[in-house]
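Got chain A; can you put chain B on it based on the hints?
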Amino acid sequence: MKRGVSILFILMLVLVLTVAGCGQGVPAADEDDAAEGAEDVAEITKVGLVVAGGLGDRSFYDSANEGVEQAEEELGIEYKVYECRNDPSLYTDQLVQASEYASIVAVVGYEFYDVVQEIAEEFPEVYYIYVDNEIEGIDNLITVSYAENEGSFLAGALAAMLTEEDSIGMVGGMDMPVIRNFEAGYKAGAEYINPDIKVETIFAEDFEDPAKGKEGATALYSGGADIVFQVAGKTGEGVFEAAEEMDRYAIGVDTDQRYINPDVIVASMVKRVGLSIYDTIVSIQNDEVEPGKILYYGLEQNGVGMGYGTEDMKQFVTDEMKDKLAEIEEKISSGEIKVPTAK
Amino acid sequence: MNSRFSNENIEYLISLTLSITASLLIGALIMMANGRSPVVGYGALLRGAFGGRYNIANTFAKMVPLALTGLATAISFRSGIFNIGGEGQLYLGAFAAAYVGITFTALPKGLGIALAIVAGILAGGLYAYVPGLLKVKYKIDEVITTIMLNSVAVLFTSYLVNYPFAPARGKLNGTEIIAKQFHLSRLIRLSTLNTSIFFMGLMALLMYYLMEKTSAGYNFKLVGQNPLFARFGGIDDRRQMIMAMVISGALCGLAGVFEVLGVHYRFLQHISPGYAWDGMLVALIVRNNPIGVIIMSIFFGALKTGSIAMENATSIPSELVLVIQSIIILFIAGERGFKDRFNELKLRRKIKQEAGEGDA
Numbered sequence: 001m002k003r004g005v006s007i008l009f010i011l012m013l014v015l016v017l018t019v020a021g022c023g024q025g026v027p028a029a030d031e032d033d034a035a036e037g038a039e040d041v042a043e044i045t046k047v048g049l050v051v052a053g054g055l056g057d058r059s060f061y062d063s064a065n066e067g068v069e070q071a072e073e074e075l076g077i078e079y080k081v082y083e084c085r086n087d088p089s090l091y092t093d094q095l096v097q098a099s100e101y102a103s104i105v106a107v108v109g110y111e112f113y114d115v116v117q118e119i120a121e122e123f124p125e126v127y128y129i130y131v132d133n134e135i136e137g138i139d140n141l142i143t144v145s146y147a148e149n150e151g152s153f154l155a156g157a158l159a160a161m162l163t164e165e166d167s168i169g170m171v172g173g174m175d176m177p178v179i180r181n182f183e184a185g186y187k188a189g190a191e192y193i194n195p196d197i198k199v200e201t202i203f204a205e206d207f208e209d210p211a212k213g214k215e216g217a218t219a220l221y222s223g224g225a226d227i228v229f230q231v232a233g234k235t236g237e238g239v240f241e242a243a244e245e246m247d248r249y250a251i252g253v254d255t256d257q258r259y260i261n262p263d264v265i266v267a268s269m270v271k272r273v274g275l276s277i278y279d280t281i282v283s284i285q286n287d288e289v290e291p292g293k294i295l296y297y298g299l300e301q302n303g304v305g306m307g308y309g310t311e312d313m314k315q316f317v318t319d320e321m322k323d324k325l326a327e328i329e330e331k332i333s334s335g336e337i338k339v340p341t342a343k
Numbered sequence: 344m345n346s347r348f349s350n351e352n353i354e355y356l357i358s359l360t361l362s363i364t365a366s367l368l369i370g371a372l373i374m375m376a377n378g379r380s381p382v383v384g385y386g387a388l389l390r391g392a393f394g395g396r397y398n399i400a401n402t403f404a405k406m407v408p409l410a411l412t413g414l415a416t417a418i419s420f421r422s423g424i425f426n427i428g429g430e431g432q433l434y435l436g437a438f439a440a441a442y443v444g445i446t447f448t449a450l451p452k453g454l455g456i457a458l459a460i461v462a463g464i465l466a467g468g469l470y471a472y473v474p475g476l477l478k479v480k481y482k483i484d485e486v487i488t489t490i491m492l493n494s495v496a497v498l499f500t501s502y503l504v505n506y507p508f509a510p511a512r513g514k515l516n517g518t519e520i521i522a523k524q525f526h527l528s529r530l531i532r533l534s535t536l537n538t539s540i541f542f543m544g545l546m547a548l549l550m551y552y553l554m555e556k557t558s559a560g561y562n563f564k565l566v567g568q569n570p571l572f573a574r575f576g577g578i579d580d581r582r583q584m585i586m587a588m589v590i591s592g593a594l595c596g597l598a599g600v601f602e603v604l605g606v607h608y609r610f611l612q613h614i615s616p617g618y619a620w621d622g623m624l625v626a627l628i629v630r631n632n633p634i635g636v637i638i639m640s641i642f643f644g645a646l647k648t649g650s651i652a653m654e655n656a657t658s659i660p661s662e663l664v665l666v667i668q669s670i671i672i673l674f675i676a677g678e679r680g681f682k683d684r685f686n687e688l689k690l691r692r693k694i695k696q697e698a699g700e701g702d703a
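Read top to bottom, the protein sequences are chains A and B. Position 183, counted from 1, in the first sequence is what the numbering used here calls 183; the numbers after and before it change by one each time, with no gaps. Position 32, counted from 1, in the second sequence is what the numbering used here calls 375; the numbers after and before it change by one each time, with no gaps.
Here chain A stands alone, though its shape is the one from the complex (with noise of 0.2 Å):
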């Protein structure tokens, strides 16, 4: 018997010596692939972009990449993803990489604060569009800020009509200042419709872990919460999860989520990441941009907004409730309405 292990291991061993061996004949599809795309470098604008996290979330990363794939489709460009999946020792690293690859780079996520200043510097022949942080003053860098406080506000009046329980909640990828200003938002919107509503916070301390977003979520719950929503990326599935378990309700983010869960999922606060990306893209290729500004991208620049899913899902928004959210809308562009920001 004991014998018999060790042959079988010895055997899978040698399968595998030969099989390794055979490889080498094989000629390599992926460095022809590199050959030709350096030829024609000089016609097609190449865009890199760089994520602190990973692709996958269905939300904040996700979205971006829809922008660059729009591009792609668009545009006619060629893009490259460098996920650094949350690793401070690969920002540098991966921004260099995208930075040799490409002419435009677009840098997701407010951690490469530091990293992008310093890159910028030093590839002073790359565009580089920085989004979710606020830095001026760099030629070759343009970075996008949100008002995410404006969507949430939305979202929280949402809430605040929706629900029977006069009692929301929210949780947030990690308490820091991005997500604050979503609730900073969120609670300005309820109180406007509600001043009595209460309104509760559970920072998951994690952006990839589904299994803290359910346990925040299910907190909430228990605690006579009925709507939460989730600003939390990935861990912000496990908040659709405990919503179903424990048949509640949930509001998405970032991108329209509607589609994960339509049955829980009322609706998403959307972050248009995607299409401030692509936008500047478009702007840099027309030569209009301003170096080293801030766009801002809130309501009344369609940078962040309410998706509600399509027609053939189950509709929990009234027509009602959407006219009332369009005019509060209008109030905040107007400034009739003072959002506080908490960034």
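Since the hints were made in silico from the structure, they are not lab data. Among the hints, a few may not be true.
[Stated by the list, open to error] Residues of chain A placed beyond 12 Å of chain B at every Cβ, according to the derived structure:
1) E69
2) Q70
3) L90
4) D166
5) A219
6) E245
7) E288
8) L299
9) G305
10) G307
11) M321
12) A326
13) E329
14) G335
15) E336
16) K343
[Said to hold, decoys possible] Coverage of chain B stretches by chain A, computed from C-beta distances (three or more under 8 Å per stretch; other residues unrestricted):
17) 504-518
18) 599-612
Even for Gly, the Cβ is constructed at its ideal location relative to N, Cα and C.
Frame of chain A; chain B shown alone:
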């Protein structure tokens, strides 16, 4: 001298080489199962890790925290006290260094850096002293306490950078940038490799000397192998354990200091992607041998930089390297079992042969 080249060590080196080869082969198999050529994949990995000055610099930059946390694990595990709290000690050490860097901005360069290093070492060391003391005085399992103190340190520093120490400019969960004179110089353009690698080398030499060449090192080993025997032999095993814990914590703290002074120039909420855990793997693979830790952390550093380059060049996911690392660990963990089986096989064959000869 003899001990280093004893039979056992040579045998271990052989099994280590075999384990690494086998896991690389399995990695190749996975690449092929996904329709990729392992030659292209490993070629890109190798080029990414050693293909130029910049790449080599990156490999060595990744190695610094691994080597320090690896040495930290080595000294504690060798002394029979298990410091699983490296991550927390690293965070506190890093924060202490950042605190010095933003507070004592009037200090001259050398003195400032020295003070930051001392602060980090103290923070890490003291934070490890507590579970060490609990273990020795009240027999509270240090594995449990250190692992829980990790969360305490990580969450505590996360509070600090979000509230009392939040930076005035930029949305960022970190402290302010440390003063200019605290920045360790970068060695190669675009790479984060900095002078901390020399400090790290010095630390490695020191640890090697301590662990292999002094009677204190011998005492650590003895306590680790059999504390009771050590005690009867006149060694204060409790003191030895606490000392190992403190040294281990200090090294982790130092790893944190270098991340702040050399790489990020400020403390970040998630400054470590799990360096202490990777360092622990490094130390486990080489059985807590200080020289082995250095070599293995270069290997791990190369895998990390190489895997990213491989992903970018060939779109083979860099996670493959995690698989390879895990398989190495698996083989090493089963090393004794594999070896016994191999020896048994050899013995049986020999007996059969002898029996056969007897017949003839």
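Hint-by-hint comparison with the structure:
no.: 1; hint: E69; verdict: holds, 16 Å
no.: 2; hint: Q70; verdict: holds, 21 Å
no.: 3; hint: L90; verdict: violated, 6 Å
no.: 4; hint: D166; verdict: holds, 30 Å
no.: 5; hint: A219; verdict: holds, 17 Å
no.: 6; hint: E245; verdict: holds, 26 Å
no.: 7; hint: E288; verdict: holds, 26 Å
no.: 8; hint: L299; verdict: holds, 20 Å
no.: 9; hint: G305; verdict: holds, 21 Å
no.: 10; hint: G307; verdict: holds, 24 Å
no.: 11; hint: M321; verdict: holds, 32 Å
no.: 12; hint: A326; verdict: holds, 30 Å
no.: 13; hint: E329; verdict: holds, 25 Å
no.: 14; hint: G335; verdict: holds, 24 Å
no.: 15; hint: E336; verdict: holds, 27 Å
no.: 16; hint: K343; verdict: violated, 6 Å
no.: 17; hint: 504-518; verdict: holds (count 6)
no.: 18; hint: 599-612; verdict: holds (count 6)
Against the hints set out earlier in the document, violations occur for numbers 3, 16.
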